[in-house]
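K.L.:
Mapping the sequence shown onto the working numbering, position 162 (from 1) lands on 162, and the numbers just tick up by one.
Keep in mind the hints are simulated off the structure, nothing from the lab.
Mixed in with the good hints, there may be bad ones.
Below, a list of computed lysine-lysine pairs in the DSS-like style, where the Cα atoms sit at most 25 Å apart [stated by the list, open to error]:
#1 118 to 49
#2 90 to 100
#3 156 to 100
#4 156 to 195
#5 49 to 111
#6 118 to 90
#7 100 to 65
#8 111 to 218
#9 195 to 118
#10 49 to 90
#11 111 to 100
#12 254 to 218
The calculated label-pair distances, taken between Cβ atoms and stated as ranges, are [claimed, not checked]:
#13 48 to 108: 21 to 27 Å
#14 231 to 251: 16 to 22 Å
#15 232 to 115: 29 to 35 Å
#16 186 to 85: 24 to 30 Å
#17 103 to 157: 37 to 43 Å
#18 156 to 256: 18 to 24 Å
#19 173 to 108: 26 to 32 Å
#20 47 to 15: 56 to 62 Å
#21 106 to 32: 18 to 24 Å
#22 106 to 196: 45 to 51 Å
#23 90 to 248: 25 to 31 Å
#24 86 to 118: 28 to 34 Å
#25 118 to 62: 29 to 35 Å
#26 13 to 75: 53 to 59 Å
Keep in mind the model is a prediction, meaning the values are calculated, not measured.
From the three backbone atoms N, C-alpha and C, an ideal C-beta is built for every residue, glycine too.
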Amino acid sequence: MQAGEYAFSTLYIPEQVLDQIVNGRVVIHTVTLPEGSTLWDVARILHQKELAPESEIIELASSAKFAGSFGVEANGLEGYLFPDTYQFTKPVSSASIAEKMVRRFWQRLPKDLPDRVKELRLSLSEIIIVASIIEKEAVVDSERPRIAAVFYNRLKINMPLQSDPTAVYDIPGFSGPVTAAHLTRQSPYNTYRIKGLPPGPICSPGTESIKAALNPEKGAPYLYFVSNNDGTHHFSVTPEEHQNAVSHYYEMKKKTLGDKSPTIGDSLGTSPQDSRAGAEPHRQADGVNTNSP
């Protein structure tokens, strides 16, 4: 006999009810965390599934002490609640839920991690920060190593990463689009305002983004990328080449939008307003982004 949550049909006879209980056929709750989920996303999903209070998950996963109990050397569990599909039975504690997700993180780390961390001269926590930014910028798996190379190239020359997702990470409930105003806001995560990496991950990266952070494309000289408006990106070495790519992006976007002119927001560009490393030129209120780290 197993304690837990059971679901009985009103048509069950007593013997069927007893059989369910004796054999422990409890209700199983399936939860899927998409790649790129933030701590707030995870808490919201668990709350919607009625598995844990949203505030309790956020408070617990924001504790450095709690994170340390799982061997995570960070200020919390952002980035370490591995995106995957999980099954839980009630009752279940918030701590048990978090533990299961962090254990899955450790299980799914690439086997070459120790060697690659040494070669890159980065800590695991720094790798996960980079992977989280890649996760938010990339769409196509094949581009992830190249996007990783762009960010590492910028770090090597002390060039701001200028990644749009970092500028809005700590805005509760943010759903886009990213505007030029967001890029100038004061935040320790905003890589338009700081050099180097933000203080922690900005989401939970999936396996492919972690692999890319560990294995950036070798010899890739790029410092910029801009959206091709189809999930892929155009990568550039020089500011001039990048601005040409951004101009082409705007032309194509304008054709797509008809008479509605595109706004800043889908690339990693060359000026305070469109000199980002990547993804899409900076978005204004009507939604075109021109990123350029």
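K.L.:
It remains to establish, for every hint, whether it holds in the given structure.
P.N.:
These are the hints, each one checked on the structure:
Of the pairs offered as hints, the one joining residue 118 and residue 49 is violated, with about 40 Å between alpha carbons and a cut-off of 25 Å exceeded. For the given pair, residue 90 sits about 14 Å from residue 100 by alpha-carbon distance, which is consistent with the 25 Å threshold. Using a Cα cut-off of 25 Å, the hinted pair residue 156 and residue 100 is violated, with the two alpha carbons roughly 36 Å apart. Distance check on the hinted pair: residue 156 and residue 195 sit about 11 Å apart at the alpha-carbon level, within 25 Å; holds.
Distance check on the hinted pair: residue 49 and residue 111 sit about 33 Å apart at the alpha-carbon level, beyond 25 Å; violated. For the given pair, residue 118 sits about 42 Å from residue 90 by alpha-carbon distance, which is inconsistent with the 25 Å threshold. Of the supplied pair hints, the one linking residue 100 and residue 65 holds, its CA atoms being roughly 17 Å apart against a limit of 25 Å. At most 25 Å may separate the alpha-carbon atoms for a hinted pair to count; residue 111 and residue 218 meet this at roughly 19 Å.
Taking the CA atoms of residue 195 and residue 118, the gap is about 23 Å. The hint holds against a cut of 25 Å. For the hint linking residue 49 to residue 90, the alpha-carbon distance of about 11 Å falls within 25 Å, and the restraint holds. Of the supplied pair hints, the one linking residue 111 and residue 100 holds, its CA atoms being roughly 20 Å apart against a limit of 25 Å. As the CA atoms of residue 254 and residue 218 are separated by approximately 35 Å, the hinted pair breaks the 25 Å bound.
Range check, residue 48 to residue 108: about 24 Å between beta-carbon atoms, so the 21 to 27 Å window is met. Distance hint check for residue 231 and residue 251: the Cβ-Cβ separation is about 19 Å, which falls inside the suggested range of 16 to 22 Å. The hinted window of 29 to 35 Å between residue 232 and residue 115 holds, with their beta carbons roughly 30 Å apart. Distance hint check: the CB atoms of residue 186 and residue 85 are about 38 Å apart, inconsistent with the given range 24 to 30 Å.
Range check, residue 103 to residue 157: about 38 Å between beta-carbon atoms, so the 37 to 43 Å window is met. At roughly 36 Å, the beta carbons of residue 156 and residue 256 sit outside the given window of 18 to 24 Å. For the pair residue 173 and residue 108, the supplied restraint of 26 to 32 Å holds, since their beta-carbon distance comes to about 28 Å. At about 37 Å, the beta-carbon gap between residue 47 and residue 15 misses the expected band of 56 to 62 Å.
The given range of 18 to 24 Å is respected by residue 106 and residue 32, whose C-beta atoms sit roughly 20 Å from each other. The hinted range of 45 to 51 Å is not satisfied by residue 106 and residue 196, whose Cβ atoms lie roughly 26 Å apart. For the pair residue 90 and residue 248, the supplied restraint of 25 to 31 Å is violated, since their beta-carbon distance comes to about 54 Å. Our hint of 28 to 34 Å for residue 86 and residue 118 holds, since their Cβ atoms are close to 32 Å apart.
Between residue 118 and residue 62 the C-beta distance comes to about 30 Å, which sits within the given range of 29 to 35 Å. Taking 53 to 59 Å as the suggested C-beta distance range, the pair residue 13 and residue 75 conforms, at roughly 55 Å.
Comparing the model with each numbered hint stated earlier shows that hints 1, 3, 5, 6, 12, 16, 18, 20, 22 and 23 do not hold.
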